[in-house]
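With chain L's structure known, arrange chain P on it following the hints.
So the chains spell out like this:
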Amino acid sequence: MATQVLTEFIKALRGADINVSTAESLDAVQVAEKIGYADRARLRTALSLALAKSVPDKMRFEKCFDDFFRFTDAPQVSPPASGTAAAMPPQQEDVSSGQGAGAAGGAGGSGDGESAAAGSELGQLLERGDNAEIAQRMAAAARQVDLTRITVITQKGLFARRMMMAMGLEALDQEIFQLTAARDPRALSLRAARNALREASIEEVNRQFLLHARETRQQLREEVMREVSLRDLAEFRDVRLLVEKMARRLVSLHGRQKRRARRGVLDARRTLVASVRHDALPTELHWKARRPRKPKLFVICDVSSSVAAASRFLLLFLSAVNEVLPRVRSFAFASRTGEVTDYFNEAGPSGVEAAVDRVLSEYAGSGTDYGEMLAYFWRQCESNLDRQSTVIILGDARNNDLPAAQQDLARIAERSRQVLWLNPEGRNRWGSGDSVMPMYLPYCRRAMPCRNLNQLERFVEALLRDMK
Amino acid sequence: MKTRIASVDEVRESFKGQGYICNDEIATAVFLAAQLRKPILVEGPPGVGKTELAKASAAFLEAPLIRLQCYEGLDEAKALYEWKYGKQLLYTQLLKERLGDLLGDAVTLEECMARLSGFGDAFYAETFLEPRPLLQALRSEEAPVLLIDEIDKADQEFEAFLLELLSDYQISIPELGTVTARTEPLVFLTSNNTRELSDALKRRCLHLYIPFPDMRLEQQIIAARVPEVAEGLRKQLTLFVSRLRDMDLKKQPAISETIDWARALVLMHADVLSPATVDATLRLLLKHEEDMVTVRGEIHRLLKD
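If you read the protein sequences in the order shown, they are chains L and P. No gaps in the numbering here: position 395 of the first sequence is 395 in the working numbering, and each next residue is one more. No gaps in the numbering here: position 34 of the second sequence is 34 in the working numbering, and each next residue is one more.
Any given hint could turn out to be false.
[To be verified] In silico lysine to any residue, SDA-like type, Cα no more than 20 Å apart, as pairs:
id, chain 1, residue 1, chain 2, residue 2
1, L, 34, P, 36
2, P, 153, L, 245
3, L, 58, P, 211
4, L, 34, P, 9
5, L, 63, P, 24
6, L, 58, P, 287
7, L, 34, P, 6
8, P, 87, L, 278
9, L, 34, P, 153
10, L, 58, P, 214
11, L, 294, L, 366
12, L, 58, P, 194
13, P, 55, P, 67
14, P, 287, P, 212
15, L, 58, P, 271
16, L, 245, P, 197
17, L, 58, P, 192
18, L, 63, P, 211
19, L, 58, P, 195
20, L, 34, P, 259
21, L, 58, P, 24
22, L, 34, P, 24
23, L, 58, P, 44
24, L, 58, P, 201
25, P, 84, L, 284
26, P, 78, L, 284
Worth flagging that the hints you see were computed from the coordinates, not collected in a lab. None of these values were measured; they are calculated from a predicted model.
Chain L on its own, in the form it takes in the complex:
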């Protein structure tokens, strides 16, 4: 039973974004066995040692633990006191007594002593006011109906009722029924206790819903956010967190491989020369040092209203991975073009979002002229482009029937290592209407649609791999 509680707790932890592996779950079981359940604070410390493996995780763990193990403070469902109940006048009874009179008449207790003996188990428990026992029953009932399956908020009433059924609601109702019929004053106090129990059950269901549905909800939400079109994404408040999470994953992935790639291949010439000293036995191996590449990155973003959302996320994403990316120069254009690198340098890592907003508002406009943009970029950066340069252009290539000036893109592609194009429109729309995308395609090493975060992540990942 204890193990099941732990399993559920771990499920809740995963919902709170703490990665717990199966091996760690097993550790937790062992740890709990050693420490025991008597000392709550110590159990918390001990489980935290086994399950939360970084400082942020530990903070989340503590919150989650407190939420989860709250029901050890037993719910107050006992009747106020037997004295009060006895003092109640028997006349103040429910109208429902009339219905029950026929059905329960025979079984109804005639005397106080008798009815107490004949009462339901749950009823006795409530009358005794044994809160610890009641809490245990509730936990057992919660497991029996498996509250972890609750996914939609409207199911809460249903689950609460099922829980009470598992605790023996039927027998209790029967008892209240009979007591009422017999005009026993205890009916009233039992009824109050039953209501309190119902409230406690609902509260328990609520809590479980928050704990468990959070897991599915969060996963669901992230999946939705990754797939939804970038244009609608700004409405999600926590999208920034998701972008950071995705970026962190990429950074740790690519930061690591960089270390491995430090040593190059065997330098046969130097190894042979060195071996002469040892009777031509190659005892010392020499390696070619891998020449550090210094890639340059140029990002040109269309910020006209139709594409601004995509530009926004590309810029956010690139700043989030700036740990592993080389120096980036960024440009923005709509009706006019300009360099915005300094906006980001001035803002620093904390002000990225503000910097992006500033870029978007200052360069916003309509009537994009791609030809003009390419010409501007060529003028500005011709001398800086070399075989290490990657030029990324984000835009829909809808040129308002102006000349495409693909020869400028050809020059840029010729001079640099590669041109990559991100288009917020799907491939099937490239070339439709005023889109000049097909004219640019031959000069792009890769062109891909970027309509949602998943596609954007895939692009940035490929870019990082390529940069090494």
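Positioned in the frame of chain L, the structure of chain P alone reads:
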């Protein structure tokens, strides 16, 4: 090694007896690690007593302490084992004639090879093996406490190499096969968090984070380590240090620095913290010139009650 530990409090009391004052979390971690034979990964800012914890644990468990200091470029040859090349060479030279005798009547190359292989891998036997800390720990007769210090300084590859040791207490050596621990060591890994450790490593360990102690705990530590300091001064100096830690400094003073400072104050016969004494001894707490400048201007404010 002591195998029976009654409770978390026993650990705590023993540590206290050694002058290592700790909170419940640290004691629980050591208790669990010793009971479950799981490695502990200890993280925290420099100078909070991570290495000290391993030493105290070794003393508590009456076990020998084997220490491996990590650094960039640390490899198996330095951490696990190495062949004694010099000895191998010397032996081959000395045995040259004997070898000549043995091979004397063998005519063909095949025959010589067959004879040689008949001797087995004499030169790759245990006699020529130089055990380094990790192998020492595995081959120790008595279960030791193995301290792998500052694992974050070692390379990623080394971390991966440790995984087998941490989960199964065994290590594979190509020439010898798998070496399994005679007695399972209690492993402490410490990290200053200069880089993120891999999930695989974290998964195999209990994770203990030691933050800077709160004022009450730090007072107890000072009382245990520098008993000469009077109570009033003790309170004053821990308050001062905890305020320093709230400031935006390049390097925050650690416990070890508070202890040094307390010792210095005792030597100077200071009974109370005055701006002048603080100013004169500040260098013991702060290790950067910029920090000194920042704090000097604030001494009066920091000393206020």
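>> Given the hinted pair residue 63 of chain L and residue 24 of chain P, is their Cα-Cα distance within 20 Å?
In response: Given pair residue 63 of chain L, residue 24 of chain P holds - Cα atoms ~19 Å apart, limit 20 Å.
>> Check the hint pairing residue 84 of chain P with residue 284 of chain L against an upper bound of 20 Å on the C-alpha distance.
In response: holds, 18 Å
>> So if I understand the rule, the pair passes when the alpha-carbon distance is 20 Å or less; does residue 63 of chain L with residue 211 of chain P pass?
In response: Judged against 20 Å, a Cα distance of about 18 Å means the pair holds.
>> With the threshold set at 20 Å, check whether the alpha-carbon distance from residue 34 of chain L to residue 9 of chain P stays at or below it.
In response: Roughly 14 Å separates the two Cα atoms, so the pair holds.
> Given the proposed pairing of residue 34 of chain L with residue 24 of chain P, does the C-alpha separation stay at or below 20 Å?
Replying inline: holds, 15 Å
> Does the structure keep residue 55 of chain P and residue 67 of chain P at a Cα separation of 20 Å or less?
Replying inline: holds, 10 Å
> Taking 20 Å as the top limit, are the C-alpha atoms of residue 58 of chain L and residue 271 of chain P close enough?
Replying inline: Violated - the C-alpha atoms of residue 271 of chain P and residue 58 of chain L are around 40 Å apart, more than 20 Å.
> Keeping to a limit of 20 Å between CA atoms, is the pair of residue 58 of chain L and residue 195 of chain P held or broken?
Replying inline: holds, 18 Å
> CA of residue 58 of chain L to CA of residue 287 of chain P, is that 20 Å or under?
Replying inline: violated, 30 Å
> Straight-line Cα separation of residue 58 of chain L and residue 44 of chain P no greater than 20 Å?
Replying inline: holds, 13 Å
> Is residue 87 of chain P close enough to residue 278 of chain L, meaning Cα to Cα at most 20 Å?
Replying inline: holds, 19 Å
>> Holds or violated: residue 294 of chain L and residue 366 of chain L, Cα atoms, limit 20 Å.
In response: Roughly 36 Å between the alpha carbons, so the hint for residue 294 of chain L and residue 366 of chain L is violated.
Hints 2, 6, 9, 11, 15, 20 from the earlier list are contradicted by this structure; the remaining hints agree with it.
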